[in-house]
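Protein sequence lines correspond, in order, to chains A, B and C.
Counted the way the working numbering counts, the first sequence spans residues 1 to 349.
Counted the way the working numbering counts, the second sequence spans residues 1 to 294.
Counted the way the working numbering counts, the third sequence spans residues 1 to 254.
Please note: incorrect hints may appear among the correct ones.
As the list claims (entries may be wrong) - Think about it this way: if two alpha-carbon atoms lie no more than 20 Å apart in a straight line, the pair counts; the simulated SDA-like pairs of lysine to any residue are:
#1 K116(C) - W199(A)
#2 K202(C) - L172(C)
#3 K116(C) - R28(A)
#4 K56(C) - T32(C)
#5 K90(C) - R131(A)
#6 K90(C) - E216(A)
#7 K56(C) - T227(A)
#8 K56(C) - L130(A)
#9 K90(C) - G132(A)
#10 K116(C) - L198(A)
#11 K169(B) - L349(A)
#12 K56(C) - R129(A)
#13 K116(C) - G27(A)
#14 K56(C) - E216(A)
#15 K202(C) - T221(C)
#16 K56(C) - K169(B)
#17 K116(C) - T227(A)
#18 K90(C) - L198(A)
#19 K56(C) - R131(A)
#20 K90(C) - Q214(A)
None of these hints come from the bench; they were simulated from the model.
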Amino acid sequence: MATDPQAGKPASAEGPGEARRLGFLSGRAGWAATAVALLFFIALPAQLYGSQQRTLAAAFMFVALAQGWNLIGGFAGYPSFGNVVFFGLGGYTTAILMAKAGASFYVALPAAALVGLGFALLMGVPVLRLRGHYFAIATLGVAEGVREVVLNLDGLTGGGSGLTVPAVGIEATTSYPGNAGFYYMFLALAVLATAVVLWVSRSRFGYGLRAIAQDEDAAAAMGIDTTRAKIGAFALAGVITSLAGAMYAFQQVTIYPARLFDVQFTLLMVVMAVIGGSGTVVGPVLGALGLTFLSEYLRNNLTDYHTLVFGLIIVVAVILLPQGLVRFVREGWRTRRFSLLDNVRAYRL
Amino acid sequence: MTEFLQSTIYGLLQGGLLALVAVGFSLVWGVMNVVNLAHGTFVVLGAYVAWQLNKSAGVDPFLGMFAAAACLFVAGYAVHMLLINQVIKAPIWMTLLLTFGLELVLINAMVLVFSGDFRSINTGWAGDAIALGDVRIPYGRLAGFLVAVGLTLALVLFMSRTRLGLAIKATGMDRDAARLMGIPARRVYATTFAIAAAMAGAAGAIVGTVGTFSPASAPAFTLQSFVIAVLGGLGNMWGALAGGLVLGLVQSWGGQYLSGTLVNALAFGVLVAVLIVRPAGLIGKPYYEARVET
Amino acid sequence: MSAPALEIRGLSRRFGGLEALSEVSLSVEPGTVLGIIGPNGAGKSTLINLVTGHLKPSSGSVCVDGRDVTGQRPWVIARAGVARTFQIVKPFRELTVRDNVAIGAMYGPDGAGSVKDARRRADEVLERVGLEGRGEVPPGELSVADARRLELAKALALGPRLLLLDEVMAGLRGSEIEPALDLIRSLRDEGMTIVAVEHIVKVILSVSDEVLVLHEGRELTRGKPADVVKDERVIEAYLGQRYAKRMAEGNGDA
Chain A
1 MATDPQAGKP ASAEGPGEAR RLGFLSGRAG WAATAVALLF FIALPAQLYG SQQRTLAAAF
61 MFVALAQGWN LIGGFAGYPS FGNVVFFGLG GYTTAILMAK AGASFYVALP AAALVGLGFA
121 LLMGVPVLRL RGHYFAIATL GVAEGVREVV LNLDGLTGGG SGLTVPAVGI EATTSYPGNA
181 GFYYMFLALA VLATAVVLWV SRSRFGYGLR AIAQDEDAAA AMGIDTTRAK IGAFALAGVI
241 TSLAGAMYAF QQVTIYPARL FDVQFTLLMV VMAVIGGSGT VVGPVLGALG LTFLSEYLRN
301 NLTDYHTLVF GLIIVVAVIL LPQGLVRFVR EGWRTRRFSL LDNVRAYRL
Chain B
1 MTEFLQSTIY GLLQGGLLAL VAVGFSLVWG VMNVVNLAHG TFVVLGAYVA WQLNKSAGVD
61 PFLGMFAAAA CLFVAGYAVH MLLINQVIKA PIWMTLLLTF GLELVLINAM VLVFSGDFRS
121 INTGWAGDAI ALGDVRIPYG RLAGFLVAVG LTLALVLFMS RTRLGLAIKA TGMDRDAARL
181 MGIPARRVYA TTFAIAAAMA GAAGAIVGTV GTFSPASAPA FTLQSFVIAV LGGLGNMWGA
241 LAGGLVLGLV QSWGGQYLSG TLVNALAFGV LVAVLIVRPA GLIGKPYYEA RVET
Chain C
1 MSAPALEIRG LSRRFGGLEA LSEVSLSVEP GTVLGIIGPN GAGKSTLINL VTGHLKPSSG
61 SVCVDGRDVT GQRPWVIARA GVARTFQIVK PFRELTVRDN VAIGAMYGPD GAGSVKDARR
121 RADEVLERVG LEGRGEVPPG ELSVADARRL ELAKALALGP RLLLLDEVMA GLRGSEIEPA
181 LDLIRSLRDE GMTIVAVEHI VKVILSVSDE VLVLHEGREL TRGKPADVVK DERVIEAYLG
241 QRYAKRMAEG NGDA
């Protein structure tokens with residue numbers, strides 16, 4: 001039994017009814033802030049260079065990835081370390097349909113979502129029976145294994161030499177959206193993903209997931225079909241992640257297995273969700289935006305050292321903010337006491 | 001037939017070395033519930049220590065191995081006390097993230113200090129080989145295998161015969177109960193982590209002798225340690241030895257008869273299948289969940 | 001003639017070489033309270049886990065309200081009208097007390113449509129068990145007695161017809177036991193069937209219609225509380241001679 005004082009506190013802040021979900025930005029204030037932010041992001045590209053638009057597009061993509069992870073890792077409490085498998089499958093489905101079947105991107109996109117859904121169901125049934133770190137490792141194993149398979153099916157996927165989507169010239173099946181186009185595409189996906197998480201957090205389904213995360217046996221005893229709930233969360237994560245992969249593949253034009261199934265994507269999405277606040281709605285958004293900008297800033301200003309500093313920041317953030325930024329702020333607001341040292345004391349021996 | 005024999009011998013020799021690489025990782029995971037994604041970097045750091053000693057002072061890597069182990073022991077102890085211990089009571093994937101960040105830092109630090117070039121440690125004698133008919137057994141690999149197995153056995157003896165070893169096992173089974181009995185859990189954890197790092201460092205010195213290494217090799221060592229730890233059962237030293245040999249053979253035979261990367265797919269497939277069917281590993285005990293921590 | 005609320009036939013469960021429960025059969029009439037006593041390791045919690053689906057039987061069958069639920073998953077059995085408390089309480093630590101109970105209201109057989117309705121129902125249950133006004137509290141801040149009340153509230157939120165209580169009185173002070181007994185009696189009077197595993201013999205005596213004694217995984221005896229407590233074998237295996245003497249002298253406190 002945990003003996004530390006932090007263990008028993010509920011993640012949600014005080015407040016009436018559902019306003020609690022948005023923390024201290026409750027009710028109308030929260031919606032207003034969201035609307036303003038959205039308008040800001042919609043108007044923004046006109047003021048930006050192409051490279052800046054690309055950076056933001058990447059940030060939005062990571063918002064979607066982090067939110068996808070948030071559903072299975074944050075809400076259901078099953079930390080998947082293989083979500084990149086959906087990213088890669090979505091990307092390759094799109095690329096193959098566009099390059100080999102001459103399909104339009106807007107036909108390939110729903111196909112990618114279906115593939116993500118199907119694979120989540122296929123993989124979820126056996127793998128969601130495992131708990132904790134076993135689940136994490138199994139998902140990692142599946143992702144790595146699928147990458148190798150994709151690499152070896154070079155007749156279909158182009159293998160190590162990569163696959164190129166027809167994006168320019170007469171062969172192009174769909175006109176290439178360009179930097180601004182992809183900016184809006186990824187923004188839409190980020191908004192969709194966050195909306196899904198918001199809906200989940202307020203629904204009966206979301207409570208079921210939280211119950212499973214906090215005590216799966218008790219959840220089952222209270223009538224929650226844990227198998228169906230877990231698979232549902234995993235399927236949602238799979239669909240969102242594979243949509244992101246589909247868009248990414250189109251954006252990159254030429255894709256490789258090593259890139260589309262890169263474990264770095266998994267690690268980044270987990271870091272972003274966790275440091276922002278897993279199990280919250282806003283946390284992964286902050287985490288993804290914050291870390292993408294940070295990474296970009298470091299890359300531009302510290303070229304030689306940027307990965308090293310990024311790693312250091314992750315280490316420090318994990319130690320000082322283990323429960324994530326959003327919960328830290330909420331708890332601090334509720335108790336009128338912001339102490340990073342408390343966090344450290346909570347989890348150390 | 002000779003090819004099969006040759007690849008079998010290579011597989012076993014490499015497997016013994018892989019066991020040494022993985023045994024510390026498995027120990028830390030089994031005892032402390034910490035998955036150390038930076039484990040591979042300890043291996044590579046050990047290789048660099050031995051390489052540097054060899055380059056500057058002509059020290060044979062099999063002696064430099066002791067220095068590597070000692071350096072990594074100290075480093076591991078420090079890493080635990082300063083970093084890992086801060087999140088030890090958090091959910092397991094917090095330490096995963098922490099060690100992920102640490103891995104980024106260490107790999108890039110190594111690139112900055114040593115450059116990203118591939119290196120190897122040259123000895124006069126490692127390339128020479130015993131010949132059994134048409135099969136070659138290089139001295140370097142043979143010595144590496146014997147040392148690796150020897151060290152793993154030494155670890156097994158240490159865990160079962162010494163007070164500290166028992167303390168480590170007890171803390172691994174039930175940290176709170178161990179603390180109630182007067183075992184200083186934090187220091188036990190730090191020592192466990194340090195031992196794991198030291199074994200990895202020693203393995204690194206040998207790796208540097210029988211092959212090439214660079215900072216980029218680190219993640220592969222971590223991944224192989226994963227597979228071996230799962231196959232052999234977390235915290236199970238004998239299991240790590242067996243898992244290492246199995247993986248070594250699979251990689252060697254696979255490399256012989258299958259295209260390179262399909263072997264990896266096979267390895268992952270085996271890993272996932274084992275996890276689903278028998279999560280305690282091929283050798284671990286099925287019903288006994290040795291972890292009692294919440 | 002309605003079906004028994006709970007009917008168990010030849011129920012057994014093995015763990016490797018250990019027979020935790022062996023060929024236990026019983027049937028419980030609706031609206032009655034069955035007490036289960038026995039030394040540690042007798043198989044009491046195993047029995048509950050087998051009925052609620054947290055363990056699969058090695059052999060035998062379990063029927064609830066005439067419906068065979070042997071080997072079903074826990075949520076299927078919960079939705080069949082069976083609720084339980086856990087011996088070591090298992091609250092959802094990061095949800096408030098109210099939300100803990102609301103989960104049961106959401107997912108039980110009469111699942112509430114919305115989160116708001118579920119919370120309202122949760123408040124009713126909280127009042128029933130004596131936790132009114134504590135809805136916003138995190139479970140970690142509850143006293144032992146209140147934590148037990150929460151555990152019971154979670155079970156009641158499912159609106160069960162069969163309630164399985166696993167040592168729900170353990171660790172309570174004397175003054176806390178009486179109100180708990182009243183609650184159990186009032187639930188029984190409303191038609192709920194209750195199976196209660198207990199170590200506190202006074203509780204068993206005062207609230208049970210029948211008592212089952214388990215020993216080493218088997219049924220030792222079964223009958224009216226007053227008779228069981230005087231049974232020589234029960235005294236030998238569980239109650240102890242000192243207790244029997246005290247009983248004979250007229251002080252029935254355990």
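Hints, verified against the model:
| no. | hint | verdict |
| --- | --- | --- |
| 1 | K116(C) - W199(A) | holds, 15 Å |
| 2 | K202(C) - L172(C) | holds, 13 Å |
| 3 | K116(C) - R28(A) | holds, 19 Å |
| 4 | K56(C) - T32(C) | violated, 26 Å |
| 5 | K90(C) - R131(A) | holds, 18 Å |
| 6 | K90(C) - E216(A) | holds, 10 Å |
| 7 | K56(C) - T227(A) | holds, 17 Å |
| 8 | K56(C) - L130(A) | holds, 18 Å |
| 9 | K90(C) - G132(A) | holds, 18 Å |
| 10 | K116(C) - L198(A) | holds, 16 Å |
| 11 | K169(B) - L349(A) | holds, 17 Å |
| 12 | K56(C) - R129(A) | holds, 16 Å |
| 13 | K116(C) - G27(A) | holds, 16 Å |
| 14 | K56(C) - E216(A) | holds, 17 Å |
| 15 | K202(C) - T221(C) | holds, 18 Å |
| 16 | K56(C) - K169(B) | violated, 32 Å |
| 17 | K116(C) - T227(A) | violated, 25 Å |
| 18 | K90(C) - L198(A) | violated, 27 Å |
| 19 | K56(C) - R131(A) | holds, 19 Å |
| 20 | K90(C) - Q214(A) | holds, 9 Å |
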